[in-house]
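K.L.:
Residues per chain, in single letters:
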Amino acid sequence: DSGVTQTPKHLITATGQRVTLRCSPRSGDLSVYWYQQSLDQGLQFLIQYYNGEERAKGNILERFSAQQFPDLHSELNLSSLELGDSALYFCASNRRQGGDYGYTFGSGTRLTVV
Amino acid sequence: TQLLEQSPQFLSIQEGENLTVYCNSSSVFSSLQWYRQEPGEGPVLLVTVVTGGEVKKLKRLTFQFGDARKDSSLHITAAQPGDTGLYLCAGGLGGFAGYALNFGKGTSLLVTP
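As you go down the protein sequences, you meet chains A and B in turn.
Under the numbering used here, the first residue of the first sequence is numbered -12, with each subsequent residue one higher.
Under the numbering used here, the first residue of the second sequence is numbered 2, with each subsequent residue one higher.
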């Protein structure tokens, strides 16, 4: 157990639907990062939150949004889902705002859009 | 845009062999990290290198950061089946505003007994 908890582990939904992925960071970690992993693109950075505020944005589609709550858990909302959104979605956390502390990843949510 | 290129993409070797995996970029990174990922799990951090020319050892794994901080290598001595997995390098762009990591696509390693 890495200490980063992601739910659900698996999600199957239809095109056009909306889903919410949840992440609880490791205790004491203020930053939460969301990544999408697909076979052809590898791990792609989506968005980062630090202590409730958005800090960095990557290749996140407009149909996707995220937030971090006061208790530091984060949710990634994916809407108007398309077949191409099928992927593994990982959440990671680390302790420092910058610096060299590595990420601790959760086990991911496997999203299948049918 | 893939900032980090990893090679080889796939590697299948026998137990006891040595191997080297490369991670190259045209960008300079404040730090570089190596992760190992097993099927169905998230990546697990192996090491972070921050100084150009730095060498770090983790049992049979040796990590090196290039002098210009644009590339890195991972060398495994006497590989074992337990080393099987996807090895990912990730470059940190640093800065107070955020610390997003850019990942390479990975090297998938299979070590057979």
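No lab work stands behind these hints: they were computed from the structure.
Values in this document were obtained by computation on a predicted structure and should not be read as measured data.
Please note that the accuracy of each hint is not assured.
[What the hints assert, rightly or not] Capping the alpha-carbon separation at 25 Å, the derived lysine-lysine pairs in DSS-like fashion look like this:
no.: 1; chain 1: A; residue 1: Lys44; chain 2: B; residue 2: Lys57
no.: 2; chain 1: B; residue 1: Lys106; chain 2: B; residue 2: Lys71
no.: 3; chain 1: B; residue 1: Lys71; chain 2: B; residue 2: Lys57
no.: 4; chain 1: B; residue 1: Lys57; chain 2: A; residue 2: Lys(-4)
[To be verified] Short, incomplete list of chain A residues facing chain B, as computed with Cβ under 8 Å:
no.: 5; residue: Ser(-11)
no.: 6; residue: Gln35
no.: 7; residue: Asn38
The C-beta atom is built at its ideal place from N, Cα and C for all residues, glycine as well.
K.L.:
All hints are to be evaluated individually against the structure, with a verdict given for each.
P.N.:
Hint by hint, here is what the structure shows:
Annotation: proposed proximity of A:Lys44 to B:Lys57 is violated, straight-line Cα distance about 31 Å (limit 25 Å). Using a Cα cut-off of 25 Å, the hinted pair B:Lys106 and B:Lys71 holds, with the two alpha carbons roughly 16 Å apart. With a C-alpha separation of about 16 Å, the suggested pair B:Lys71 and B:Lys57 falls inside the 25 Å cut-off, and the hint holds. A distance of roughly 34 Å separates the Cα atoms of B:Lys57 and A:Lys(-4); the hinted pair therefore is violated under the 25 Å criterion.
The interface hint given for A:Ser(-11) is met, as the beta carbon of that residue sits about 7 Å from the closest beta carbon of chain B, less than 8 Å. With a least beta-carbon distance of about 5 Å to chain B, the hint placing A:Gln35 at the interface is held under the 8 Å criterion. With 8 Å as the threshold, the beta carbon of A:Asn38 stays out of range of chain B, its nearest partner Cβ sitting at about 12 Å, so the hint is violated.
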